[in-house]
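Number of protein chains: 2
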Amino acid sequence: MECQDYALNRTLERENLNLNPLQRGGFLPLEARKALYEFSDGYSVCDYCSGRLDQVKKPSVAGFLDDLAQFLNVDAVRTVHGAREGKFAIMHAICQPGDTILVDGNAHYTTHLAAERNQLKLVEVPTSGHPEYKVEPESYREVLNQLHDQCEEPSLLVLTHVDGDYGNLTDSQGVGKIASEYGIPLLLNCAYSMGRMPIDAKKLKADFVVGSGHKSMAASGPIGVLGLKEEWADKVFKRSSTHSVKEVEMLGCTSRGAPLATLMASFPHIMERVGKWNQEVEKTRKFVAQMEKIGGISQIGVKPTDHDLVRFETSLFHQIAEKHPRRGFFLYEELKKRNIVGIKRGQTKWFKCSVYGFNSQQVEYITRSFQEIAEKHGH
Amino acid sequence: MECQDYALNRTLERENLNLNPLQRGGFLPLEARKALYEFSDGYSVCDYCSGRLDQVKKPSVAGFLDDLAQFLNVDAVRTVHGAREGKFAIMHAICQPGDTILVDGNAHYTTHLAAERNQLKLVEVPTSGHPEYKVEPESYREVLNQLHDQCEEPSLLVLTHVDGDYGNLTDSQGVGKIASEYGIPLLLNCAYSMGRMPIDAKKLKADFVVGSGHKSMAASGPIGVLGLKEEWADKVFKRSSTHSVKEVEMLGCTSRGAPLATLMASFPHIMERVGKWNQEVEKTRKFVAQMEKIGGISQIGVKPTDHDLVRFETSLFHQIAEKHPRRGFFLYEELKKRNIVGIKRGQTKWFKCSVYGFNSQQVEYITRSFQEIAEKHGH
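Going down the list, the protein sequences come from chains A and B.
Per our numbering, residue 855 is the first one in the first sequence, and the count goes up by one each step.
Per our numbering, residue 855 is the first one in the second sequence, and the count goes up by one each step.
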């Protein structure tokens, strides 16, 4: 048989200014590119394995996990394939099919899928709705009380630390306090925060944290992080009854290859960049202000934003699209001409974007480009 | 905090002749190295996703999966994180906690862990034991009959196509016929066969096949393959009740990054190399004959071998080790001096190795090295 041409290049996305929030935290620094080269082949991190990935000494996976646990202030940590696989493993280990869990209204779809795959009943804690979509800790208490009245006691609370729709930073401490009061563990989904901003799991009162290497930790996907408090280690890292060194929820080992090497190589870079998080937030707030100045563009979600992922409602571009011969495609095409990518083709009513990691000239160029496009079309 | 030095290099394993069977099928061809470069950043295969990884058109994941399904003669196929994750997903989708499944006595530990994580009762079909460790289809029938007498009807049969201890190629057709008779689906673990030798799932009478990209398909880990017959697609690829395009067992998407790009890039190379499988077996048989000629070395498992993974009992090297000042380490050190790696440090009683992918001069050099080491120590 003949195989098709799979178009295995990514020049456009690599060589232009990519505003896709999903991509901005996943760019590899030089050290990680070198690690990718070193560990490109097959089972490359397993040369010196004596049965446990998390205990491998060369490369020093064991040393890395110690450092990572300290960095996140968790008692134990493992790498997993991604945040979703981490959430699934935690739910699988500590919940029973039919259990109820609470998740915030901005939860990522993978939180829903992890629960569904575990046959859990998912109850949503509503947000404040348009335009802020804010998650209030007290809403958790309200839903818990309602459930209590129905004699239902959830076995887990899940909170999205920063959601992928509005970039809202939630009050984990607040939810964590309520979780403690009710004696229910809290799982904090840090896919959009771990590796971008400092995470102190104990201060955030989270029993579990999950993170995403490819989303926010400058690693090559798929790779994630699962950290927990000591009291949960026996359940989540339970050993096999037949293969006594192997951990059941990890299926023995998880990320047995290059993504792990890139996560490790990027770690010094990650430690450094989370220290500059305030500057990133400042930069984003300025960017939002500049964009809103154009007119017909307004940020949705909590204001001022506390994260680099921002969602704009863009009635301006939607109006242009209605009369433009290229309809909704005009925006994508105008941006592409200016070497800017990452906004979905055809989308003009609203979009999500991020200027995370761009320098001030780049951000200025990006805002000017949006201004130019508006002016060119008579605004 | 300061992080440790993680020793992120692999020069020794990359630049020497590596006999580790776990590594031999995972070396990347040039095209896959290029793909790794293109798709190194974060969520790199997700630029043009509209909700389903398996339907992404750029790069053409969709086209690749069509080709792969044809190549394996399955009705539908997905990429997963590895063979173990594939086995877990299949068991999770089609079995219930408490169900009994049958697995061969040479099954990989991850088959055991996938079953344990699913709370399944695992019954082993015994092998013929030392020295052949052969798996006979009729043994499945015997165990099935024994279970039937106890009113137990297994919900799945698992067969290891080629095991990782002895490199025994099993009779999947034979087990598949018995599976059909009893109306029980057969899952064939092809981690050591898919990508090395031709796989025709229908001819092999397997309802499910799983493969390993990093082990045998010249891909960067972690990545695997899950193929199945149409009749199982509804269960294993069941859609979410709340997110209708997403597949529950895949948690939406699986390998969202570079490993998938390498698997795709290596596919033409894989199609070509499985056509030369007979030559690989011939080469291995010659290698075994040369090794056995040294004396005090004998191949364990079915003879002549039908696979490149061979296990030797090496009383010769064990005897040397007993008197050698470096004890068991002498063999590793003598080989390393000759630029040969992949045999575990300290191991002399027996070892597993493979000459898969080496040319005839390299194989000759390897055998001569073992001969020299034997002679140097008075044999």
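Just so you know, these hints were derived from the structure itself, not from any lab.
Some hints could be false.
Identical chains share a label here; the pair holds if one copy fits it or two copies do between them.
[As the list claims (entries may be wrong)] Derived EDC-like pairs: lysine to aspartate or glutamate, alpha-carbon spacing no greater than 20 Å straight-line:
(1) LYS1092 - ASP1025
(2) LYS1059 - GLU1176
(3) LYS911 - GLU867
(4) LYS912 - GLU869
(5) LYS1083 - GLU885
(6) LYS1230 - GLU1176
(7) LYS1130 - ASP1054
(8) LYS1198 - ASP1019
Tested hints:
In this assembly of identical chains, LYS1092 and ASP1025 lie within 20 Å of each other by CA distance neither inside one copy nor across copies; the values are 31 Å within and 35 Å between. In this assembly of identical chains, LYS1059 and GLU1176 lie within 20 Å of each other by CA distance neither inside one copy nor across copies; the values are 48 Å within and 56 Å between. Only between protomers do LYS911 and GLU867 lie at most 20 Å apart by alpha-carbon distance; the minimum there is 15 Å, versus 36 Å within a single protomer. With identical chains, the CA atoms of LYS912 and GLU869 are at most 20 Å apart between copies only, with a shortest distance of 16 Å across copies and 34 Å within one.
In this assembly of identical chains, LYS1083 and GLU885 lie within 20 Å of each other by CA distance neither inside one copy nor across copies; the values are 31 Å within and 43 Å between. Taking the shortest alpha-carbon separations for LYS1230 and GLU1176, only the intra-copy value of 15 Å comes in at or below 20 Å, while the best inter-copy value is 84 Å. Taking CA atoms no more than 20 Å apart as the test, LYS1130 paired with ASP1054 passes inside one copy only; the shortest distance there is 16 Å, against 54 Å between copies. For a Cα distance limit of 20 Å, the shortest separation of LYS1198 from ASP1019 inside one copy, 14 Å, qualifies, whereas the shortest one across copies, 49 Å, does not.
In the structure shown, a violation is registered for the earlier hints numbered 1, 2 and 5, in ascending order.
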